[in-house]
Structures are given as structure tokens and as C-alpha cells.
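Protein chains: 2
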Amino acid sequence: MSEIVTAAMVVIGDEILSGRTKDQNIGHLADMMTAVGIDLREVRIVPDDQDAIVEAVNALRSRNTYVFTTGGIGPTHDDITADSIAAAFGVPCDYDPDAYHLLEEHYSRRGIAFSEARKRMARMPKGARHIPNPISVAPGFIIGNVHVMAGVPAIFQAMLDTVIPTLRTGAKLLSVTVPSPLPEGTIGGPLGAVQKAHDQTIIGSYPKYQDGRFWTEIVIRSRSADALEAARGAVEEMLAALAQRD
Amino acid sequence: MSEIVTAAMVVIGDEILSGRTKDQNIGHLADMMTAVGIDLREVRIVPDDQDAIVEAVNALRSRNTYVFTTGGIGPTHDDITADSIAAAFGVPCDYDPDAYHLLEEHYSRRGIAFSEARKRMARMPKGARHIPNPISVAPGFIIGNVHVMAGVPAIFQAMLDTVIPTLRTGAKLLSVTVPSPLPEGTIGGPLGAVQKAHDQTIIGSYPKYQDGRFWTEIVIRSRSADALEAARGAVEEMLAALAQRD
Numbered sequence: 001m002s003e004i005v006t007a008a009m010v011v012i013g014d015e016i017l018s019g020r021t022k023d024q025n026i027g028h029l030a031d032m033m034t035a036v037g038i039d040l041r042e043v044r045i046v047p048d049d050q051d052a053i054v055e056a057v058n059a060l061r062s063r064n065t066y067v068f069t070t071g072g073i074g075p076t077h078d079d080i081t082a083d084s085i086a087a088a089f090g091v092p093c094d095y096d097p098d099a100y101h102l103l104e105e106h107y108s109r110r111g112i113a114f115s116e117a118r119k120r121m122a123r124m125p126k127g128a129r130h131i132p133n134p135i136s137v138a139p140g141f142i143i144g145n146v147h148v149m150a151g152v153p154a155i156f157q158a159m160l161d162t163v164i165p166t167l168r169t170g171a172k173l174l175s176v177t178v179p180s181p182l183p184e185g186t187i188g189g190p191l192g193a194v195q196k197a198h199d200q201t202i203i204g205s206y207p208k209y210q211d212g213r214f215w216t217e218i219v220i221r222s223r224s225a226d227a228l229e230a231a232r233g234a235v236e237e238m239l240a241a242l243a244q245r246d
Numbered sequence: 247m248s249e250i251v252t253a254a255m256v257v258i259g260d261e262i263l264s265g266r267t268k269d270q271n272i273g274h275l276a277d278m279m280t281a282v283g284i285d286l287r288e289v290r291i292v293p294d295d296q297d298a299i300v301e302a303v304n305a306l307r308s309r310n311t312y313v314f315t316t317g318g319i320g321p322t323h324d325d326i327t328a329d330s331i332a333a334a335f336g337v338p339c340d341y342d343p344d345a346y347h348l349l350e351e352h353y354s355r356r357g358i359a360f361s362e363a364r365k366r367m368a369r370m371p372k373g374a375r376h377i378p379n380p381i382s383v384a385p386g387f388i389i390g391n392v393h394v395m396a397g398v399p400a401i402f403q404a405m406l407d408t409v410i411p412t413l414r415t416g417a418k419l420l421s422v423t424v425p426s427p428l429p430e431g432t433i434g435g436p437l438g439a440v441q442k443a444h445d446q447t448i449i450g451s452y453p454k455y456q457d458g459r460f461w462t463e464i465v466i467r468s469r470s471a472d473a474l475e476a477a478r479g480a481v482e483e484m485l486a487a488l489a490q491r492d
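Protein sequences appear in the order of chains A and B.
The opening residue of the first sequence carries number 1 in my numbering; numbering runs sequentially from there.
The opening residue of the second sequence carries number 247 in my numbering; numbering runs sequentially from there.
Treat the hints as calculated values from the structure; they're not laboratory data.
Certain hints may be false.
[As the list claims (entries may be wrong)] Simulated pairs of lysine-lysine, DSSO-like, Cα-Cα distance not exceeding 27 Å:
1. B:Lys442 to B:Lys418
2. A:Lys22 to B:Lys268
3. A:Lys22 to B:Lys418
4. B:Lys268 to A:Lys119
5. B:Lys454 to A:Lys208
6. B:Lys454 to A:Lys119
7. A:Lys22 to B:Lys454
8. B:Lys442 to B:Lys454
9. A:Lys172 to A:Lys196
10. B:Lys268 to B:Lys454
11. A:Lys208 to A:Lys196
12. B:Lys365 to A:Lys196
13. A:Lys208 to A:Lys22
14. B:Lys365 to A:Lys208
15. B:Lys268 to A:Lys172
Using the sequences plus the hints, can you model the full thing?
Written out as C-alpha cells, the structure is:
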């Protein structure tokens with residue numbers, strides 16, 4: 001059996017907590033992690049506040065294979081992610097020479113001033129490695145097991161695409177979905193019994209409410225294809241038996 | 247100056263972390279909290295795992311006025327929120343007589359079996375008060391400062407509507423948005439100076455990327471209308487000066 005690889009995410013930004021911006025990155029990261037067999041174990045959304053960022057990053061990096069952050073790496077005064085990550089690791093935060101030259105050239109080519117604000121985007125914790133930014137050049141970075149990326153969804157997704165192939169991935173969690181026309185209250189007891197009998201699987205039950213009617217999606221997950229198929233058969237038998245009883 | 251009232255949210259469910267279900271409740275709670283003047287300070291998304299739920303709820307309830315949870319209060323084996331909240335408070339979790347009778351009557355009226363699974367929805371930590379559920383009857387509950395609600399968005403929203411009028415609310419945070427056609431790299435320096443000069447406001451800067459072009463939304467927040475207007479004036483003057491320079 002392959003090792004279990006886990007991840008956690010820290011979403012940084014007052015604008016998500018105030019409701020002004022609706023996060024689009026959590027769902028994307030969750031999909032990508034599932035696709036490559038990494039278990040996303042926890043997500044925290046924290047404000048633009050150094051203490052809050054340090055606490056979240058330190059709690060999560062010590063108990064997961066990887067941590068991914070989004071947001072707060074732009075050029076303005078409220079972009080404090082680089083400083084906060086440096087504080088979390090107890091290292092200085094300063095201009096990274098490679099990032100500085102990259103940005104200097106980029107703006108010079110376009111005839112745009114390399115302002116103090118834009119220079120801020122070259123600041124990184126000492127020892128960090130770049131995550132390339134194919135859209136707006138200013139790089140994200142990696143320090144330890146923490147991957148620091150942009151909050152703008154198009155840039156976050158582009159950065160994640162370059163990060164994913166560098167990650168250790170786990171045995172992929174397989175899943176099948178069995179739709180049940182019966183509500184959770186009807187299937188709950190028997191489904192619990194199926195879960196007990198199939199302990200190599202994780203069986204989830206998701207109530208759906210549509211047009212005044214409840215139905216259920218049953219999702220079976222396992223790292224073993226055989227265990228998955230056995231549990232699927234048991235769930236289908238259970239549903240057939242309940243339908244006959246009606 | 248009115249007191250500051252804070253909130254945190256715990257979203258409970260493997261299905262959010264796997265990407266199968268995209269959360270719709272965080273943005274709604276954020277909007278509602280902002281509307282009534284409560285600061286949403288942190289959100290955590292945790293799996294269907296008692297230790298993870300207990301840790302998140304206990305960390306957040308001790309340092310916020312209110313905690314709101316969504317998910318895991320249905321009838322199936324993976325619905326472990328009631329037990330986990332009871333464990334967080336160190337109280338027993340058992341059938342609540344009022345909830346039991348409510349559900350028993352509801353199902354009896356509709357000629358539906360009051361199964362063991364459905365009875366699970368009457369379980370609550372000892373001492374909890376109900377949050378009514380106008381859609382599917384099974385109540386949420388309140389214990390201490392923790393409000394436990396359904397994950398199905400329609401039910402969560404209905405429950406929250408009955409909870410909101412019972413909350414202490416703070417001085418409402420006012421906000422204005424000033425769109426800037428200039429990117430963050432151009433306005434970042436001067437905007438930082440405006441922030442320093444207007445310390446009764448919180449000025450946020452949100453990079454927007456559209457059709458290959460960067461622009462910025464500047465959002466000014468304050469609990470004082472006068473401070474807000476003064477900062478708005480300063481931001482507009484700053485943008486006008488930068489535009490002239492171009």
C-alpha cells in the first residue's frame with residue numbers, strides 16, 4: 001500500500017471573510033488534490049493579519065505533507081504574506097535577487113516604472129525557491145513544505161499547474177457514486193451496517209434537496225478497487241431490498 | 247464606540263475537502279455577518295472526524311463571540327457533528343425529548359417510518375437549545391456560543407435567518423469601493439501613505455485581472471462615516487494626481 005500524502009490550505013484575505021470576494025480557489029485545489037491522490041485534510045481562511053497567518057501556517061505545516069496558501073503576495077500595504085511566512089519559519093524576509101531582476105527587466109521592457117510597490121513583490125523569506133508566474137511574472141515561492149501562491153484565480157491555477165508535477169502523490173483514492181432515490185432517513189440504518197462490513201472503504205452520504213423532495217447521493221471511496229466494487233455491490237443490494245419493501 | 251463582535255465558522259464535511267461538493271455557505275455567512283456588523287475572523291473546513299471537529303470548535307469558540315458550524319447533522323453514520331460538539335463541551339449527547347417528539351410526529355403525519363437513522367437527528371449535546379428547521383423539521387442547535395446548522399444550503403440559510411435576530415451585533419463596518427484603472431504596482435506606494443494617514447480606516451486593495459489587463463478595486467472600511475469620507479477623498483485625489491502624471 002502506498003503512503004498517504006496529505007495537504008492543507010490557508011486562504012489569506014480580509015475580502016473573503018467580509019464576503020466581498022467569493023473564494024474560487026478552495027474548490028479548485030480540492031479537485032486537483034483528489035485527482036492526484038493527495039488527501040486535503042483542512043482549509044483555513046484567515047485575515048490579512050500576521051499573527052493569524054503564522055498560527056495557521058505553523059499548525060498545518062507540522063502535520064501535513066504539503067501546505068498551500070493563496071493571497072496576499074501583491075504590491076500593496078495589505079499584502080503581508082511573504083513577511084508572515086518568513087515569521088512562521090523564523091527567517092528574514094528580503095528582496096530575492098532573482099525575483100528582483102526578473103521584475104526589473106519585465107517592467108523595463110514594458111516601459112513601466114519599477115516602483116517601490118512593485119519591488120515589494122520581489123520580497124521572499126530567505127531560502128525560498130520560486131514558483132513561476134506565467135501571467136504577471138511576480139513569482140510565488142516554496143519554503144519547506146509550504147507553497148505560497150497568488151489569490152487571483154487565473155494566476156493561482158497557473159502556479160498550481162507548475163507545482164503539481166513536483167509533488168509526491170499518494171495511492172489515488174478511487175470513488176463511485178450511487179444515487180439513491182430514497183432519503184437519508186430511510187437508508188441511514190442499513191448504510192451504516194454496510195460501512196461496518198466494508199472497513200477498507202469510506203462511505204459518504206450526501207442529502208440532496210430538490211423541488212421539495214429529499215434524495216441521497218452515496219459516495220464510496222477506497223484505495224483498493226476490489227474493496228470499492230464489493231462495497232458498491234452491497235450498497236446496490238441494500239437499495240434494491242429497500243425499494244421492494246416500499 | 248460600540249463593542250466589536252466577532253464570529254468564526256467551521257464547515258464540516260469530507261465532501262468539501264474532496265472537491266465533490268463546492269461550498270456555498272461560507273460566502274453567504276460572510277455576507278450576512280458583514281450586513282449586521284459582526285466581524286467574521288476565521289473559517290475552517292474540517293473532515294468528518296471527531297478529533298478535527300473538537301479541535302476546531304474549541305480553538306474558535308474561546309476567542310470569538312460566536313461560532314457557526316455547517317454540516318454533519320443528518321441521519322447517517324457519517325453525521326457525527328452532534329457527538330463531536332458534545333465532546334468539545336464535555337457533555338453527554340443523547341436524544342433530546344422535544345426534538346424526538348417533533349420528528350416522531352412529523353414522520354407519523356406523513357406515514358413514514360421513524361427509523362433508527364431518523365432518530366439520530368434528535369440527538370443533541372445535553373443543554374442545547376433548538377434552531378428551528380422550517381424545511382425538513384430536524385432542528386439545529388445552540389450550545390454555549392456555538393450554533394450548529396445544516397450543510398444543505400437552503401436549510402442552512404433558513405436556520406441562519408432565525409438565528410441572526412438573536413445575535414448581539416456590533417457597530418456596522420461601513421465601506422466604499424473606489425475603482426482604479428491603474429494596477430496595484432502603480433498605486434501601491436501612494437496608497438500605503440494614504441492608509442498611514444487615515445488610521446481609523448482599513449484600506450484594502452484587490453487586484454483584478456481581466457482580458458489581459460490589470461486594474462484595482464480599492465475598498466475603504468471604517469466604523470466612522472467621517473473617517474470613511476476623508477479617506478475616500480484622499481484616495482480619489484491620489485488617483486487623479488497619478489492619472490495626470492501619466
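Evaluation of the provided hints:
| no. | hint | in the structure |
| --- | --- | --- |
| 1 | B:Lys442 to B:Lys418 | holds, 22 Å |
| 2 | A:Lys22 to B:Lys268 | holds, 12 Å |
| 3 | A:Lys22 to B:Lys418 | holds, 21 Å |
| 4 | B:Lys268 to A:Lys119 | violated, 36 Å |
| 5 | B:Lys454 to A:Lys208 | violated, 35 Å |
| 6 | B:Lys454 to A:Lys119 | holds, 19 Å |
| 7 | A:Lys22 to B:Lys454 | holds, 13 Å |
| 8 | B:Lys442 to B:Lys454 | holds, 23 Å |
| 9 | A:Lys172 to A:Lys196 | holds, 22 Å |
| 10 | B:Lys268 to B:Lys454 | holds, 23 Å |
| 11 | A:Lys208 to A:Lys196 | holds, 24 Å |
| 12 | B:Lys365 to A:Lys196 | holds, 19 Å |
| 13 | A:Lys208 to A:Lys22 | holds, 23 Å |
| 14 | B:Lys365 to A:Lys208 | holds, 19 Å |
| 15 | B:Lys268 to A:Lys172 | holds, 20 Å |
Hint compliance for this structure: hints 4, 5 are broken, all remaining hints hold.
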